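Got two chains here, separate frames each, mind docking them using the hints?
Protein sequence lines correspond, in order, to chains A and B. Quick note on the working numbering: the first sequence kicks off at 2 and runs consecutively. Quick note on the working numbering: the second sequence kicks off at 102 and runs consecutively.
Note that these hints are calculated values from the structure, not bench results. These numbers were taken from a predicted model, which means no experiment stands behind them. Note that CB positions come from ideal geometry on N, CA and C, so glycine has one too. Treat each hint with caution, since some may be false.
[What the hints assert, rightly or not] Chain A stretches covered by chain B per the calculated footprint, using a threshold of three residues with CB under 8 Å from any CB of chain B:
#1 177-185
#2 192-199
#3 212-226
#4 239-252
#5 256-269
#6 281-290
#7 317-325
These are the residues of each chain, in order.
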Amino acid sequence: MNVHTRAADLTEARSAAKAGIIDCDIHPSLKSKADLKPFLSERWWKHYDTYGSLVRQPLSTYLPYPRMQPDTARRDAWPPGGGPPASDLTFMREQHLDANNIIHGILHPLRIGGYDQRNLDFGAALCGAINDWQLHAWAEPEPRLKASIYIPQDFPEAAAAEIERRASDPHFVQITTASFASEPLGHRRYWPVFAAAQAADIAIGMHIGGYSGQAITAGGWPSFYYEHHYANSPAIEAVVTSLVMEGVFERFPRLRIVLVEAGFVWVPSLCWRLDRLWERMRDEVPHLTRPPSEYIRQNIWYTTQPIEEPANPDHLKETIDWIGWDRLLFSTDYPHWDYDDPNYAFKFKMSAEQREGLFRGNAAHVFRLAQE
Amino acid sequence: MQFQGAIDCDIHPAVPDMRALLPYMDEYWREHLITRGTERLTLHMTSFPPNAPLNVRADYRPKSGLPGGDLAQLTAQALDPFGTRYAICNVVHAAQVMFNEDMAAVLCRAVNDWVAKEWLDHDPRLRASIMVPTQSPQQAADEIARRAADPRFVQVLMLANTEMPAGRRYFWPIYEAAQRFGLPVGLHAGSSYRFAPSNAGWPSYFIEEYASNAPAFKQELLSLITEGVFQKFPDLKVVLIEAGFAWLPGYCWRIDKIWRGVRREVPWVKDAPSEIIRRHVRFTLQPADAPPDPKQMERVIDQIGCDDLILFSTDYPHWQFDGANPFPGGFPEHLKQKVMIDNPLATYARLNEPARSKQEEMV
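Pulled out of the complex, with its shape left as it was, chain B reads as follows (with noise of 0.2 Å):
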């Protein structure tokens, strides 16, 4: 299905190993992660085992090399199926796990520093999001303000699940500073392990972790309403990566309802949860967690109401569908057009600039 200029908002470049962010480092540190043997360790996240069949898509499977680790692969089955416009790299890394905060800003700052070197120079259809320590929200702050002057970064990404509920203050200057770069923040599926994966404990099996990731959402998702995040940084996005969406109406229901009964508790928050959501918040396309029926998917879009709320995505190299037609059944014709271009370009503000990146320059 090629919709030409489409946008899409989630692919995933793998780091290969410690050796190549090593260039991007200082001398101190570069030796002493060297010193310290990592540059051997694998530093795979538990929430995303590599090998795991929704973690490849079994015709996305590189004959050698990590899933999404190569660019001419990435581009000729990510991108040009697609009539990709603009893709947004999201990388998934240790750097967001690890407990020395100075550790993971230096790791933060090599992958961003790799992902503009690696991939951005040599594709002008990719974009990226920097990605933040949330173990140090002033150093991440930081790191927004050093690779935002890069255009071709249009986000700010975060783990999910990371030192405490997304809206507490402590993040607060992460989305201080996203707010005035004017980049939307990026919560991606994942956990950096601070707490059991999902509400009920710590799960036996991947596939119950990854089910977790959207009732870990809606939680997410509540705290940054209840933290009063949206009032106090009016013009900031988040958008919900990974998240699934299919559950939005009876989530809205939810917390709509608690929402009248104990408002005065979070007095702040003028507006109902529903509402700030959709002046707020966005949702990538897969997982779309397709229904059997797809009048049921097309009964799920009407409830949501609103048709600004989803930016396509592949989810490239993972496989949420198979061919080359991300949308599930049932998913209303009219609403294409708006989910895999307008509503991208609207989020996402940096993709209405001209990108001087080099390759462009160059060009």
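This is chain A alone, in the form it adopts within the complex (with noise of 0.2 Å):
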């Protein structure tokens, strides 16, 4: 979707390619549902192929708005070999990872129904079953793929438990969770992975999506899919407004939250917003010693794509400005049809600094990741 491109910044780009890139969103499919069954027990297999995903929706994988292509993907990334865009691990290589020079990419699989699932003990062994998947047929066989801790959110006891086998396994370098939850995320019934993330100083990957059950806007269900992936953002906004006005970074001071996909821009007039309530109504709110401010420059980082394409690319820039630049972690989201090419994204000038640590340093340090 990159439709103007300043020819001048893509030496810079592929500059910073040549050193490496840290892709934080990369999205690997099954090829079918089958993929999964080495990984289920029988009972739940049977259960699997017999009543399938019962989610909050009335479609079982993805709510009614049909996307603009096939499979959400890039036209050119259907596997020559067959299977759904990304889900073969060689084109994968050929297409993303050898081509941008990703030293690591962070798997996001999603549209399985692991998160949501309203039977929670199935939801659990689904969760399981992805996170040996993502094992099996991603993250050992290529070691520069990282893989993301599934976790049952509406079962915390279950999620808590799935965090604690995996943390210490190298392969995993987050846990995920959707951003459409049951409740606002900021919620005590959350707390547990929240504690349990802090305990394994592992980040917290939220990506947009998921199924709670509530309309995807306050004023109800929009009708096109346009608006439906515009909604993803607003709803970080407010489960980031969630996330400060519950306490949780005052309970949980070390945790490390990734909004994934959910753009970025909206940061400063949401602080600034919320920093003129706290100042009229911290009475509400009194477990909160800060600023509401302090704590998402604190504990908060986003992912860069799809990347704001402003008619002056210098507006994008100051708008970083006063994020800070420590919190952009480059993704592209391949396959997807909005995908951002390193070599083109970006249209304004950064300095070698604040390239290195959006293409690779920021992510990192938020994964705990090595730089070669």
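Below is the structure:
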């Protein structure tokens, strides 16, 4: 979707690529749901095969907003050997990892329905299977790829147990949750997850999406995929507001939350608004000891895709100045249609230090990754 | 900060209770509402706890009664200090949240007639919005036609979050009537709680809920654009009231970019959404969500890149600013006259017409 490109920036971006890129959002696909069979007990495989996925929406693998492209994917991402986009490791290596010099890529499997199963026990089993599959199919055969600990987010006890089971395995570099949860994610029912994450010193990647059963906007259900695509960003604003106001960062000050695919240009105006409101009504949230913006500055990071494209690219640059260059983590969203190419995504000049942090260093810090 | 001729696009007179409205309804409804004991209920909207600091600035708090309930206090505090020529009364009332659409319609009519008699008739500077029952767009359109006969009503008023996203065709009878009478449609912050008031679900705190008005408005505005409201009603203006505006630059970048990728889903949206906003949508000044560094406010205004969008508001009696300067630090000097006077006059056509109110005819 990068329509206009300034040639001058290509050389800069390529020099970043030369040193290697950490891509914080790659979406591997199952070839078919049978890929999970080896990792489910006979009981749960039979259940899955018979009853499928029971979620809080009318279609079992996505909301009834058909995407504008088959499988939400780039047209050129279908593997020549068959199967859906990003289901073939060899082709992913060739088309993405090698081509862009990705030194680490963080996996976010989507649309399998593990996060938010209504049957909690099945959800826990499915998340465990997704985690085993990430290891077996991706992270073990390809050391550049790093897995995310999928958790049943509405079953905090099982989620904490899954985190404990996986967190010491270096193939896993983060926990992942969906942004739309049964309740705003700051609520106390989710605190066992935060406690486990802080104890294990592992980041939490909150990826947009999920099926909470609530309307995706405060005004109800919109008509178009356009609005659904956009809704992810305001929903994350509400999630950040919840995390801050509930006191999550007061209670878990070392938590590292990465907001994945949610944009970031909304951060300054949200901070200004929250700080002004807090000045007036801090007595409603006496558990906060600092202005909301300080927690956001301390505990939250943002992936870059889909990058904003203002008519004047410097407007984006100054907005990043306000957020902090240490907060942004490069991501491509491979193989999805709104993929950002590291060579073309940024249309303004960055300093060497800014470039290094954005493409590599910030992510290495948040995910505790080596930079070779 | 006085601007002779300032136009305040958002003040909130308070309806004391149901008893004040009973004279403005017919015998059936008067008896019905009394029989059901509604005149003894407090019908405060959960979205607006009346004692929350945000909802009443300390020096605006009345000795008795609800904030914004006293005409003399309101004129002394909201009109005189700013050199206000006109101020638009936006009543926020439980009529907007009832499930019985006939009851909602009766209450809206009563509120509108009450505002005319108890407020507009008493001060020629006051103007008002026509509160409409979004629970029934046809009855809402009827109410617009009825009240539009009085030129002191300058706008149609809806809550931001009601039965469904604001652009949906369900609401189009309201927009048709508004366009027919040359009235902008004001969407005021707040929710009838048909859905959780934030996209993430039910928040625990009022501070969170109020903060979430901004994301909620972003989505409502996108709905108006995607559904084609401004193609269907090309003369319509929409005013987002108490929505903030500092979020506008990043919002426009995002919705323009997605539009470039998915526009074949909404082929009637032929112009970039940010262009449509510039032509059709306005924003009240408060809450200004002022950044800590005045230079950032300057930059936000520059990024917005259009001087026509912001309309002066005090949001009286709410606590959005202190003292008598409603502008956040860094707000460009050259824009203040436009925001205080020119932009409201360009938005509210009726403010340029002589108002033949009873009061003014008597004078």
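Exercise. Do three or more residues from the segment 256-269 of chain A put their C-beta atoms closer than 8 Å to C-beta atoms of chain B?
Worked result: holds (count 4)
For this session: With a C-beta cutoff of 8 Å, work out whether three or more residues of the segment 192-199 of chain A approach chain B closely enough for the coverage to hold.
Result: Violated - the segment 192-199 of chain A has 0 residues with a Cβ nearer than 8 Å to chain B, which falls short of three.
Problem set entry | Three-residue Cβ test at 8 Å for the coverage of the segment 212-226 of chain A by chain B | holds (count 13)
Exercise. How about the segment 281-290 of chain A: do at least three of its residues have a C-beta closer than 8 Å to a C-beta of chain B?
Worked result: This one holds; 5 residues, not fewer than the three required, reach chain B with a Cβ under 8 Å.
Exercise. Against chain B, does the segment 239-252 of chain A show at least 3 residues with beta-carbon separation below 8 Å?
Worked result: With 6 residues in contact (Cβ-Cβ under 8 Å with chain B), the coverage given for the segment 239-252 of chain A holds.
Exercise. Are three or more residues of the segment 317-325 of chain A within 8 Å, CB to CB, of chain B?
Worked result: holds (count 4)
Exercise. If you look at each residue in the segment 177-185 of chain A, do at least three have a Cβ nearer than 8 Å to any Cβ of chain B?
Worked result: holds (count 6)
Consistency note: the structure conflicts with earlier hint 2 alone.
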